[in-house]
Amino acid sequence: MVENGKLNIGIFSFTGDEGCVITLVEALNDYIFKWKDFINVKYARVLQRKNKLEDIDVAIVEGAMSSKNEISRLEEIRKNSKKLVALGSCAIDGTPSNHRNFFLEPKLGDIMPLIKKFDLNVKVEPLNKFVKVDDVVPGCPMIPATFLNVMYKYFEEFGLKVPR
Amino acid sequence: MHKVDDIEIDQLSKIEGHADLRIKIRNDKVEDVQLRITENKRFYTQAIKGKPVNNIAQVVSRICGTCSIAHNTCCIESLENALKIKPSEQTLMLRNLNMYGLMIRDHALHLYLFCMPDIFGVDSVLQFEGKNHQYLHDAFDVKKVGNNLCTRIGGRAVHPMLPQIGGFLKTPDINQLKESVNEMKAIRPRIFDLIDIFHRCDFKFENKRHFVALTNDDYNYIKGKICSSAGHCIEEADYWDHLERIIIPYSQATAFRFEGEPFMVGALPRMNLNKKSLHPDTKKDASKALSVFPSENIYHNNLAQAIEILNSIDRSIDMIETAEIKADPRPAVEYKLESGVGVIEAPRGTLYYMVSLKPDGTIGYGNLIIPTAQNEIIMNMDVKKLVESMLDQEKSVVELELEKLIRAYDPCMSCAAHFLKVEWDEK
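Chains A and B, in that order, are what the protein sequence lines are. 1 is the number of the first residue of the first sequence in our numbering; add one for each residue after it. 1 is the number of the first residue of the second sequence in our numbering; add one for each residue after it.
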């Protein structure tokens with residue numbers, strides 16, 4: 001069950017193009033008024049300035065892990081979220097943000113100074129390498145119908161009857 | 001301003017991308033401003049080397065989720081120029097429509113979701129209540145119209161699959177496009193309200209700057225001459241020769257000067273330099289708001305975007321209502337050792353692609369210049385000027401104004417992500 005009859009959600013972006021969150025915002029074109037009274041956006045920098053990383057029921061995470069800072073942040077999100085959904089292929093398997101994982105010389109040599117300068121990881125990796133992922137929404141960008149199914153699954157699991 | 005050392009705020013929300021801001025203040029003077037684009041690099045210019053030419057527009061589309069159609073379109077234009085392929089009139093018309101759909105969707109996202117909360121004094125579009133509640137509906141309804149138009153042309157609004165070198169994989173259904181006409185006609189009156197809100201908004205920040213934009217006689221976003229407010233006009237293919245690349249040591253992006261000067265690209269430059277080419281109905285129905293241009297007020301970038309939504313609707317309706325869509329096979333592609341340039345106007349400004357091809361049908365080299373990188377120097381200058389004018393004010397007030405200012409540029413840092421870490425360094 002959820003507090004105050006609302007599902008606390010968080011939306012987070014890591015290394016990627018943000019196409020999945022943009023697609024999520026587009027999916028809301030048809031669902032925002034059905035969901036508005038059933039969700040509480042605790043964290044989403046794309047929507048608001050004031051955000052709290054605490055008591056999140058469902059964390060929706062797009063993007064891959066490409067630095068130590070991102071991994072620490074992801075672990076913090078996991079600690080503060082009951083469920084964590086990997087949104088889109090960067091989050092699920094690193095693709096396409098992981099181009100550099102497949103670079104050979106001389107491409108690899110070309111990018112190494114920048115990898116070091118900006119303290120990036122040499123390899124770009126998916127979320128489940130570092131934290132438990134409860135659900136995935138595949139696609140590049142993510143498939144809206146699958147995202148909606150995952151959300152309705154959690155609405156139900158958290159005891160909310162949200163109109164379809 | 002309170003004398004507090006080294007404050008960090010993880011907060012520029014409601015923009016596209018990761019950015020930090022470091023401000024160093026000494027003896028009540030702003031000594032240094034560093035707007036750092038910190039979006040983690042994905043090395044696309046290296047990644048595309050050696051990739052097949054016929055797939056590359058889909059790859060570079062992934063540089064940016066929100067303006068993926070712009071990257072896709074500009075890349076295809078550069079490849080066609082390299083391959084000496086001349087797309088049909090129908091293909092050009094569909095590309096124009098796709099770009100108009102992108103402008104409707106992308107500008108609506110920026111204006112309703114990112115900027116309008118500042119005007120109404122709330123944090124989020126989800127807090128629009130009372131008389132403002134209608135704008136929550138408008139936000140999603142207007143976005144949807146742009147989204148639908150792009151989907152009907154390109155297959156989907158983010159990372160379209162159908163646009164290709166020389167044409168489209170599938171010819172759009174004219175009946176579906178006519179559905180878009182009905183949707184655009186229905187939504188059009190709501191854009192008057194949007195324009196009015198940003199016209200009446202009293203946010204003001206002026207700074208002398210050069211403006212650069214692609215100009216033409218019908219306010220399209222894909223063909224024209226690149227003109228500057230200094231009065232110079234150049235061909236698309238020559239753009240690079242007029243740019244000076246600046247390495248910013250603390251930023252993961254590269255900055256640029258145009259003819260040696262900091263400059264701005266985006267909706268404000270387009271409106272300042274090309275408002276004569278707007279659709280006649282747009283000129284008529286937005287005449288009051290249009291009278292503010294040319295303008296040096298950066299917040300009029302938002303107003304220019306609102307007017308561009310109306311113009312995109314008016315142009316799209318005309319184009320679809322007079323269109324005869326027919327089967328339009330793509331020309332055969334013959335690979336050769338060649339280079340080509342593509343220049344278009346993305347939602348946030350002039351986008352440049354230069355690609356070199358190899359005879360085996362792969363990419364040899366690519367040079368991409370995104371709008372936000374071109375605006376990076378002028379954004380730093382504006383931040384400095386703003387902070388200097390507010391040194392006696394509460395830090396929280398200054399931070400809010402800084403966010404509003406940077407948001408007005410509609411920057412696209414990744415083009416992705418969402419936070420600005422403001423780090424004050426006061427001694």
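Because the hints were derived from the structure by calculation, they are not lab data. Hints are not guaranteed to be accurate.
[To be verified] Calculated cross-link-like contacts (lysine-lysine; reagent style DSBU-like; alpha-carbon spacing at most 30 Å):
id: 1; chain 1: A; residue 1: Lys36; chain 2: B; residue 2: Lys41
id: 2; chain 1: A; residue 1: Lys107; chain 2: B; residue 2: Lys131
id: 3; chain 1: A; residue 1: Lys50; chain 2: B; residue 2: Lys49
id: 4; chain 1: B; residue 1: Lys51; chain 2: A; residue 2: Lys6
id: 5; chain 1: A; residue 1: Lys117; chain 2: B; residue 2: Lys49
id: 6; chain 1: B; residue 1: Lys29; chain 2: B; residue 2: Lys86
id: 7; chain 1: B; residue 1: Lys41; chain 2: A; residue 2: Lys107
id: 8; chain 1: A; residue 1: Lys52; chain 2: B; residue 2: Lys131
Remember, it's a predicted structure, so these values are computed and weren't measured experimentally.
To see whether the hints hold, each was checked on the structure:
1. Of the supplied pair hints, the one linking Lys36(A) and Lys41(B) is violated, its CA atoms being roughly 35 Å apart against a limit of 30 Å.
2. At most 30 Å may separate the alpha-carbon atoms for a hinted pair to count; Lys107(A) and Lys131(B) exceed this at roughly 56 Å.
3. Note on Lys50(A) and Lys49(B): the hinted pairing is violated, with a Cα-Cα distance of about 41 Å set against a maximum of 30 Å.
4. Among the hinted pairs, Lys51(B) with Lys6(A) is inconsistent with the structure: their alpha-carbon atoms are about 47 Å apart, more than 30 Å.
5. Proximity of Lys117(A) to Lys49(B) is assessed by CA-CA distance (about 23 Å); at most 30 Å being required, the pair is judged to hold.
6. Pair hint Lys29(B) plus Lys86(B) does not hold up; C-alpha atoms about 56 Å apart against a cutoff of 30 Å.
7. The suggested pairing of Lys41(B) with Lys107(A) holds, with an alpha-carbon distance near 14 Å, which does not exceed 30 Å.
8. Straight-line distance between C-alpha atoms of Lys52(A) and Lys131(B) comes to about 28 Å, which keeps the hinted pair within the 30 Å bound.
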